[in-house]
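A.B. asks: Chain order of the listed sequences is A and B. Taking our numbering, the leading residue of the first sequence gets 251, the next gets one more, and so forth. Taking our numbering, the leading residue of the second sequence gets 251, the next gets one more, and so forth.
A few of these clues could be false.
Since the list gives no way to pick one copy over another, a pair counts as held whenever it fits inside one copy or between any two copies.
Stated by the list, open to error - Straight-line distance between alpha carbons at most 25 Å, and here's what the computed BS3-like set of lysine-lysine pairs gives:
1. Lys455 / Lys483
2. Lys383 / Lys498
3. Lys274 / Lys320
4. Lys301 / Lys270
5. Lys363 / Lys434
6. Lys434 / Lys383
7. Lys511 / Lys455
8. Lys354 / Lys377
9. Lys455 / Lys498
10. Lys434 / Lys366
11. Lys455 / Lys481
12. Lys483 / Lys511
13. Lys328 / Lys366
14. Lys328 / Lys270
FYI, nobody ran anything at the bench for these hints, they're computed from the structure.
There are 2 protein chains.
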Amino acid sequence: MLIIGELINGMYANIALALKERDKKVIQSCALEQVACGADALDISCGPASKNPLIDLPWLVEVVGEVTDKPLCLDSSKPQVIAEGLKAAKNPTIINSTTADIEKLQILLPLAKQYKSKLIGIAIDSKGIPQNKDQRLELAARILEQAGQSGFALEDLYLDPIVMPVNVAQNQIRDILETIAEFKMISSPHGKTVIGLSNISQGAKNRSLINRTFLTMAVASGLDSAILDPKDKELMDTLITAELILNKNIYCDSYLEAYRKR
Amino acid sequence: MLIIGELINGMYANIALALKERDKKVIQSCALEQVACGADALDISCGPASKNPLIDLPWLVEVVGEVTDKPLCLDSSKPQVIAEGLKAAKNPTIINSTTADIEKLQILLPLAKQYKSKLIGIAIDSKGIPQNKDQRLELAARILEQAGQSGFALEDLYLDPIVMPVNVAQNQIRDILETIAEFKMISSPHGKTVIGLSNISQGAKNRSLINRTFLTMAVASGLDSAILDPKDKELMDTLITAELILNKNIYCDSYLEAYRKR
Chain A
251 MLIIGELING
261 MYANIALALK
271 ERDKKVIQSC
281 ALEQVACGAD
291 ALDISCGPAS
301 KNPLIDLPWL
311 VEVVGEVTDK
321 PLCLDSSKPQ
331 VIAEGLKAAK
341 NPTIINSTTA
351 DIEKLQILLP
361 LAKQYKSKLI
371 GIAIDSKGIP
381 QNKDQRLELA
391 ARILEQAGQS
401 GFALEDLYLD
411 PIVMPVNVAQ
421 NQIRDILETI
431 AEFKMISSPH
441 GKTVIGLSNI
451 SQGAKNRSLI
461 NRTFLTMAVA
471 SGLDSAILDP
481 KDKELMDTLI
491 TAELILNKNI
501 YCDSYLEAYR
511 KR
Chain B
251 MLIIGELING
261 MYANIALALK
271 ERDKKVIQSC
281 ALEQVACGAD
291 ALDISCGPAS
301 KNPLIDLPWL
311 VEVVGEVTDK
321 PLCLDSSKPQ
331 VIAEGLKAAK
341 NPTIINSTTA
351 DIEKLQILLP
361 LAKQYKSKLI
371 GIAIDSKGIP
381 QNKDQRLELA
391 ARILEQAGQS
401 GFALEDLYLD
411 PIVMPVNVAQ
421 NQIRDILETI
431 AEFKMISSPH
441 GKTVIGLSNI
451 SQGAKNRSLI
461 NRTFLTMAVA
471 SGLDSAILDP
481 KDKELMDTLI
491 TAELILNKNI
501 YCDSYLEAYR
511 KR
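Throw the hints in and build the complete structure from the sequences for me.
C.D. replies: In structure tokens:
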């Protein structure tokens with residue numbers, strides 16, 4: 251499981267302030283804390299309040315790159331912002347994200363190839379959020395087709411079914427779990443799968459409990475990667491246990507500690 | 251989800267002592283506590299130390315029946331002990347359990363019909379514990395065939411795939427989860443499914459964490475019933491949340507409290 255830490259995001263007040271004041275220490279300690287808690291990669295987003303993402307994202311990328319060589323997940327809906335982030339990055343990169351819109355795929359797939367970046371493809375397009383499994387699979391198939399045509403390695407593609415909040419779209423959650431399993435059936439070699447975990451509990455009361463329960467199900471459905479809060483210890487304990495149960499790590503009595511000492 | 255409380259079992263010291271001293275209060279308060287925590291039914295077992303299960307099981311059944319009318323799950327490997335329990339029971343009953351051995355099925359299926367009891371059928375026979383999914387399905391098919399031949403209603407049959415401890419048979423756990431889903435594909439009308447949850451963490455260190463993580467996966471695989479400790483609040487919170495995510499209960503912010511007030 252590729253664990254992508256979600257905490258360097260301008261939608262959080264501490265990061266927004268640090269970004270505004272160019273306070274490197276706040277950003278860098280947030281990066282190091284997440285790595286210490288088990289993050290394999292770090293999402294980097296200026297957030298919606300940034301007025302200068304073309305300058306802010308590369309600054310974040312450089313600042314984080316000074317303290318860790320973990321892959322950075324460049325998070326923006328604007329391809330031009332992604333391009334500036336890629337130029338600035340010394341770390342390996344993951345583009346987060348392209349939609350299934352052809353015009354976006356035709357910009358981001360070549361960019362990903364040029365920078366040897368992995369790419370997250372979200373099962374959504376300009377027509378809106380899919381409402382069922384068939385629509386999600388159709389959008390994923392379009393991303394896979396474009397990736398194949400442009401010679402992009404499918405192993406470097408992470409398909410995202412779009413997780414909806416349980417309090418908004420409760421009847422879609424089972425579909426989303428099944429989509430994670432079925433994304434693999436429609437590609438060869440397999441594309442990988444990723445989710446933005448926290449979406450499931452947006453606006454809900456018991457957020458951590460809902461997050462870890464849904465993550466357990468997603469792992470059982472074959473999930474390869476999740477963007478999540480690695481500082482949520484109960485969530486990480488659950489994730490490590492889910493992978494243990496599915497025989498991805500060898501059992502020992504102190505398997506939680508063993509995983510953390512990897 | 252039919253939640254069967256596991257705590258009235260002579261393998262626990264307090265129950266063994268109460269059984270020996272015919273202390274009704276201990277047994278009855280254990281029954282009422284489990285019901286208060288959400289148990290829909292109660293497993294009743296004399297445990298391995300009982301020298302007189304033919305007398306002890308009926309006594310437990312009568313004592314519990316004085317304080318609750320919840321279904322009782324008569325737990326013994328000896329058909330004669332089950333028969334005595336059935337005779338004593340005023341509550342609805344579930345026989346726990348038959349194996350896939352023909353001679354046992356031919357005793358317990360007629361007994362279940364006679365007493366209008368439900369029946370747990372374990373995917374095991376005198377040859378030993380199955381080692382993979384195909385063996386489990388074969389054993390379940392034999393139980394289903396015998397039930398069909400004897401006119402036993404398949405809706406009243408609970409198939410148990412046998413959960414193995416993760417520290418003993420880690421490579422079998424995914425198979426067991428898939429078996430839960432596939433048991434339903436081999437019967438029409440569907441047989442139900444049940445697990446003895448605590449087996450998964452037998453001898454392990456983080457028992458509650460392993461139990462609730464496995465239970466989440468089993469619920470996503472379509473599990474209908476589990477024998478578990480309803481006094482484990484984190485386990486029950488997780489179970490309620492798993493069912494919420496799968497749209498079995500309507501979302502509200504205080505869904506945990508709402509479920510408990512049913």
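A.B. asks: None of the hints should be skipped; say for each whether it holds.
C.D. replies: Hints, verified against the model:
When the C-alpha separation of lysine 455 and lysine 483 is checked against a cutoff of 25 Å, the pair qualifies both within a copy, at 18 Å, and between copies, at 17 Å. Taking identical chains as interchangeable, the C-alpha atoms of lysine 383 and lysine 498 lie at most 25 Å apart only when they sit on different chains, with a minimum of 19 Å there against 27 Å within one chain. For the identical chains of this complex, lysine 274 and lysine 320 are intra-copy neighbours only, at 17 Å inside a copy versus 62 Å across copies, given an alpha-carbon limit of 25 Å. In the homo-oligomer, the alpha carbons of lysine 301 and lysine 270 lie at most 25 Å apart inside one protomer (10 Å), although the nearest pairing across protomers, at 76 Å, exceeds that limit.
In this assembly of identical chains, the alpha carbons of lysine 363 and lysine 434 lie at most 25 Å apart only when taken from the same copy (22 Å versus 45 Å across copies). For the homomeric pair lysine 434 and lysine 383, the shortest alpha-carbon distances inside one copy (14 Å) and between copies (22 Å) are both at most 25 Å. Only between protomers do lysine 511 and lysine 455 lie at most 25 Å apart by alpha-carbon distance; the minimum there is 18 Å, versus 33 Å within a single protomer. When the C-alpha separation of lysine 354 and lysine 377 is checked against a cutoff of 25 Å, the pair qualifies only within one copy, where the shortest distance is 14 Å, while the shortest distance between copies is 60 Å.
For the homomeric pair lysine 455 and lysine 498, the shortest alpha-carbon distance between copies (18 Å) is at most 25 Å, but the shortest distance inside one copy (32 Å) is not. In this assembly of identical chains, the alpha carbons of lysine 434 and lysine 366 lie at most 25 Å apart only when taken from the same copy (22 Å versus 46 Å across copies). For a Cα distance limit of 25 Å, the shortest separation of lysine 455 from lysine 481 qualifies both inside one copy, at 19 Å, and across copies, at 23 Å. In this homomeric assembly, lysine 483 and lysine 511 come within 25 Å of each other (Cα to Cα) only inside a single copy, at 15 Å, whereas the closest approach across copies is 30 Å.
When the C-alpha separation of lysine 328 and lysine 366 is checked against a cutoff of 25 Å, the pair qualifies only within one copy, where the shortest distance is 19 Å, while the shortest distance between copies is 65 Å. Within a single copy, lysine 328 and lysine 270 get their C-alpha atoms as close as 20 Å, which meets the 25 Å cut-off; across copies the closest is 73 Å, which misses it.
Hint compliance for this structure: every hint is met.
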